[in-house]
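Hey, can you work out the whole structure from these sequences and the hints?
For the record, the sequence lines run as chains A and B. Quick note on my numbering: the first sequence kicks off at 42 and runs consecutively. Quick note on my numbering: the second sequence kicks off at 42 and runs consecutively.
Derived by calculation from the structure, the hints in this document are not laboratory data. The reader is advised that the hints may include incorrect statements.
Since the list gives no way to pick out one identical chain from another, each pair is judged satisfied if it fits inside one copy or across any two copies.
[What the hints assert, rightly or not] Computed cross-link-like contacts, DMTMM-like style, restricted to lysine to aspartate or glutamate with a CA-CA straight-line distance of at most 25 angstroms: (1) Lys332 to Glu374; (2) Lys332 to Glu313; (3) Lys330 to Glu274; (4) Lys369 to Glu353; (5) Lys338 to Glu385; (6) Lys369 to Glu392.
Protein chains: 2
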Amino acid sequence: MSKKSALHISKGVEDAPSINPRLRVQGKASLGAEELLAGIRSGDLAALAQGITLVESSAVKDREQARVLLSGALKFSGNALRIGVSGVPGVGKSTFLEHYGVRLLEREPEARVAVLAVDPSSSKNHGSILGDKTRMVDLGKHSRAFIRPSASGGALGGVARATKEAMILCEAAGFTHVFVETVGVGQSETLVAQLVDCFLFLAMPGTGDELQGIKKGIMEMADVIAMNKSEGERRAAAERSALEIKRALQLFAKGHEDWITPVTLISGLEGEGFEELAQDLERYERHHKIKGLFERKRAEQRLFWFERSLSEGLDRLLAGMESWNTAKAALREQVASGALSPFEAGEVLLERVRRNF
Amino acid sequence: MSKKSALHISKGVEDAPSINPRLRVQGKASLGAEELLAGIRSGDLAALAQGITLVESSAVKDREQARVLLSGALKFSGNALRIGVSGVPGVGKSTFLEHYGVRLLEREPEARVAVLAVDPSSSKNHGSILGDKTRMVDLGKHSRAFIRPSASGGALGGVARATKEAMILCEAAGFTHVFVETVGVGQSETLVAQLVDCFLFLAMPGTGDELQGIKKGIMEMADVIAMNKSEGERRAAAERSALEIKRALQLFAKGHEDWITPVTLISGLEGEGFEELAQDLERYERHHKIKGLFERKRAEQRLFWFERSLSEGLDRLLAGMESWNTAKAALREQVASGALSPFEAGEVLLERVRRNF
Numbered sequence: 042m043s044k045k046s047a048l049h050i051s052k053g054v055e056d057a058p059s060i061n062p063r064l065r066v067q068g069k070a071s072l073g074a075e076e077l078l079a080g081i082r083s084g085d086l087a088a089l090a091q092g093i094t095l096v097e098s099s100a101v102k103d104r105e106q107a108r109v110l111l112s113g114a115l116k117f118s119g120n121a122l123r124i125g126v127s128g129v130p131g132v133g134k135s136t137f138l139e140h141y142g143v144r145l146l147e148r149e150p151e152a153r154v155a156v157l158a159v160d161p162s163s164s165k166n167h168g169s170i171l172g173d174k175t176r177m178v179d180l181g182k183h184s185r186a187f188i189r190p191s192a193s194g195g196a197l198g199g200v201a202r203a204t205k206e207a208m209i210l211c212e213a214a215g216f217t218h219v220f221v222e223t224v225g226v227g228q229s230e231t232l233v234a235q236l237v238d239c240f241l242f243l244a245m246p247g248t249g250d251e252l253q254g255i256k257k258g259i260m261e262m263a264d265v266i267a268m269n270k271s272e273g274e275r276r277a278a279a280e281r282s283a284l285e286i287k288r289a290l291q292l293f294a295k296g297h298e299d300w301i302t303p304v305t306l307i308s309g310l311e312g313e314g315f316e317e318l319a320q321d322l323e324r325y326e327r328h329h330k331i332k333g334l335f336e337r338k339r340a341e342q343r344l345f346w347f348e349r350s351l352s353e354g355l356d357r358l359l360a361g362m363e364s365w366n367t368a369k370a371a372l373r374e375q376v377a378s379g380a381l382s383p384f385e386a387g388e389v390l391l392e393r394v395r396r397n398f
Numbered sequence: 042m043s044k045k046s047a048l049h050i051s052k053g054v055e056d057a058p059s060i061n062p063r064l065r066v067q068g069k070a071s072l073g074a075e076e077l078l079a080g081i082r083s084g085d086l087a088a089l090a091q092g093i094t095l096v097e098s099s100a101v102k103d104r105e106q107a108r109v110l111l112s113g114a115l116k117f118s119g120n121a122l123r124i125g126v127s128g129v130p131g132v133g134k135s136t137f138l139e140h141y142g143v144r145l146l147e148r149e150p151e152a153r154v155a156v157l158a159v160d161p162s163s164s165k166n167h168g169s170i171l172g173d174k175t176r177m178v179d180l181g182k183h184s185r186a187f188i189r190p191s192a193s194g195g196a197l198g199g200v201a202r203a204t205k206e207a208m209i210l211c212e213a214a215g216f217t218h219v220f221v222e223t224v225g226v227g228q229s230e231t232l233v234a235q236l237v238d239c240f241l242f243l244a245m246p247g248t249g250d251e252l253q254g255i256k257k258g259i260m261e262m263a264d265v266i267a268m269n270k271s272e273g274e275r276r277a278a279a280e281r282s283a284l285e286i287k288r289a290l291q292l293f294a295k296g297h298e299d300w301i302t303p304v305t306l307i308s309g310l311e312g313e314g315f316e317e318l319a320q321d322l323e324r325y326e327r328h329h330k331i332k333g334l335f336e337r338k339r340a341e342q343r344l345f346w347f348e349r350s351l352s353e354g355l356d357r358l359l360a361g362m363e364s365w366n367t368a369k370a371a372l373r374e375q376v377a378s379g380a381l382s383p384f385e386a387g388e389v390l391l392e393r394v395r396r397n398f
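See the structure below:
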């Protein structure tokens, strides 16, 4: 992204207090929400990390503090460009983010880069996503960067919520670019797409068979595609794969709002093609802002999360009632075997709720 | 489908009483559920039509009768092969169904073909889907065929439910093949895919641009693809388009359970390629039955509809409470503008429900 674009995105950042690393509160034990917010707003990364831990906490004593913190941070949020980064394991997401992030920080003195990870399976110790602390070393030690591993395990909805709230805090801290890295395992991408402005999909050269990893409709969600690992002797294969993807996109892409998903060849390792990719991302942002789609998408995303948290909350509420669970399990069995119509079973169960109102 | 396959599918049909058209009850006013079921089981098409009207009815006085009818019919259902047929408007779904259905009836003396339509937009008078009574004339007048236009308008979930219940009645009436025709407009296909054993997608030859109609992930749901309108001078273009689709499928198809979605050239108008298509469908059925996937898919579908009718029912229940609606609308506004976090808004609303329990 050009400097001009970054300034455009992060117009609120100019008002934010400048960051003085010496003022950073390191390792302080449980600050109150007000203090945390002040620390976060001053760009204190330790306060930011502590704030994220607070909003991730499920302890009852933390919930009210988290609520105060988030509601205070919310009005300073929204100024970053949010970019989802996805692709199959091994495609080189971390290497790409490391080099792309550092390049962005070097080119744009006002830029600040945060990387958040969404990995609902992390409790199962897949391990490769940000779990390894030796990853993104150069980016991690940059004073204008912040890297946060995924909230551990938990339901996907919970992980997505934690990521959304971490994003709010990062934006309140003045970050101009928030990258959300996701493992390429189905459902998580669908939710990440609802968290970001732009969904960047990393592919890599290969035969049709090797490319199968990009099935499952993930590529349909891609706003921008980068063919990674296109360096050296892989170049020709990368060009073929890119062509194949472009052709397939004609048939399958979402292709709405006059946006044609670009496919660019890059090397995350060598830093090749970053200029073109930056232009793709910038063009995406400009295209959507000019057409008013940028803000509309964000408003739609907010409503998506509202509806989702409502329906998840209702499920949780009902699942907490033992009589409901027992009745539902018995009905599910009858429905699965075909003994009872699914619709009639639904009505039987709903009648229980109705009687409670 | 070969005769062998049809017999295999519809093993229950042999036990069904044979159909005597003279016994048909024509135009009788509102039979009771028991009489209707007896009529339906005897193959009386007027009773079947009346039964479907009953289960589609939202009148309170009809609900209990409908429940009795469905619960009686349920144990005789499940013996048909259920095939979803989709494709963009103009691809020739009705023409295909007319000719394919007639051919099937001619080849298989035991076959009985029902065509149901799902068209959530029919109230808006798009009109082309079965609305025009002059369509499928030959199939419609066949004694072993039954054609039913879509339940008018209404919410998609309601239309899907009506279709599912009409299907149960058709199967109780001894139909061996139930085709569910759908208009090619997004969401409806997703639901139809949950109603059928096999999803047949009709495409037509064209350039990438013309093929754009197959976007939106619909093709991803296809179990079998037929390139329609491949007759005469279009043959070469059809072959090119089929190749393009096959290539794209390698990248985007669901490709699970070792099933590779076949693409066959047909002409619904001329009846060309029907033999190959019948083989594709038969191979799909055999493949899935051997692997036990056929029954598993149906069990999963039943649970899908159970969960869906539960969540729709809960929504309806809450939407019927004025205080809930008012509170929700106010919160939605705050969420959309970004003034309130979607998650916090969700909790505020859930608290209202919690207090009611």
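Right, here's what the structure says about each hint:
1. For a Cα distance limit of 25 angstroms, the shortest separation of Lys332 from Glu374 across copies, 22 angstroms, qualifies, whereas the shortest one inside one copy, 50 angstroms, does not.
2. For the homomeric pair Lys332 and Glu313, neither the shortest alpha-carbon distance inside one copy (31 angstroms) nor that between copies (47 angstroms) is at most 25 angstroms.
3. Taking the shortest Cα distances, Lys330 and Glu274 never come within 25 angstroms of each other, neither inside one copy (38 angstroms) nor across copies (46 angstroms).
4. Taking the closest pair of Cα atoms, Lys369 and Glu353 come within 25 angstroms of each other both inside a single copy (17 angstroms) and across two copies (16 angstroms).
5. Taking CA atoms no more than 25 angstroms apart as the test, Lys338 paired with Glu385 passes between copies only; the shortest distance there is 20 angstroms, against 38 angstroms inside one copy.
6. Taking identical chains as interchangeable, the C-alpha atoms of Lys369 and Glu392 lie at most 25 angstroms apart whether they share a chain (12 angstroms) or sit on different chains (23 angstroms).
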